[in-house]
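Visitor: Given the structure of chain A, go ahead and fit chain B onto it with the hints provided.
Each protein sequence line maps, in turn, to chains A and B.
Note that my numbering has the first sequence beginning at 1, numbered continuously upward.
Note that my numbering has the second sequence beginning at 1001, numbered continuously upward.
What the hints contain is simulated information worked out from the structure, not anything from laboratory work.
All residues carry an ideal CB built from backbone N, CA and C; glycine is no exception.
Where hints are given, some of them may not hold.
Said to hold, decoys possible - Here are the computed distance ranges between Cβ atoms for each label pair: (1) A:P110 with B:A1013: 25 to 33 angstroms; (2) A:G61 with B:K1069: 27 to 35 angstroms; (3) B:K1052 with A:K14: 47 to 55 angstroms; (4) A:K66 with B:K1069: 33 to 41 angstroms.
Claimed, not checked - As a list, the in silico DSSO-like pairs of lysine-lysine whose alpha-carbon atoms are at most 27 angstroms apart: (5) A:K14 with A:K66; (6) B:K1098 with A:K41; (7) A:K20 with A:K41; (8) B:K1110 with A:K20.
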Amino acid sequence: GAVVSQHPSRVICKSGTSVKIECRSLDFQATTMFWYRQFPKQSLMLMATSNEGSKATYEQGVEKDKFLINHASLTLSTLTVTSAHPEDSSFYICSAGGPGPTSRTQYFGPGTRLTVL
Amino acid sequence: DAKTTQPPSMDCAEGRAANLPCNHSTISGNEYVYWYRQIHSQGPQYIIHGLKNNETNEMASLIITEDRKSSTLILPHATLRDTAVYYCIVRGPLPGGKLIFGQGTELSVKP
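Here chain A stands alone, though its shape is the one from the complex (with noise of 0.2 angstroms):
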């Protein structure tokens, strides 16, 4: 199948500091990203929608100001955390899917543990 990455796999920061998550397609080319936030013993929680080249969308409860998402080409989205807080932490998942073959398929990322001291 095709692979997702995401960088970095974890990030510890400090409360206040803004954090950069990256999520690349390594082998096909994605118009749409997802992102994803998962508390331990939890279900995955959509937080947006990335469109390349538009604006992202978000789910309801979402603070877009707050999670910055970036989608400037068909292979890389970026979510910035900002003004991180302890209640942040979580593990962000992404995950893409792409015209062709793979359309019909999200494949996901390995996740991005982020530690907000």
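Guide: Below, chain B without anything else, positioned relative to chain A:
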């Protein structure tokens, strides 16, 4: 997107078939059934998907009832590495069909 119902947990003996059920009684005609699994602290892994016909790949088989209100994921010979949370998801048509995760079934494969 239609909601799905799965048992919270299941056990399976190593080497035996694991049959994971999913109910999706409100599924509409153009919605697909997708299965993913998540091993602890990893991103979800795609397993299989289908619309109305049964599907099989190298990982699993997907059996969808004729009325499409339920489906079963079959892992033919479960191994310890198949221990994971399995998610059954009904997805709307593309573009824009989002994958909305429920609570899934925690499958434990035991020696």
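Visitor: Of all the hints numbered above, which does this structure not satisfy? Sort the numbers upward.
Guide: 8
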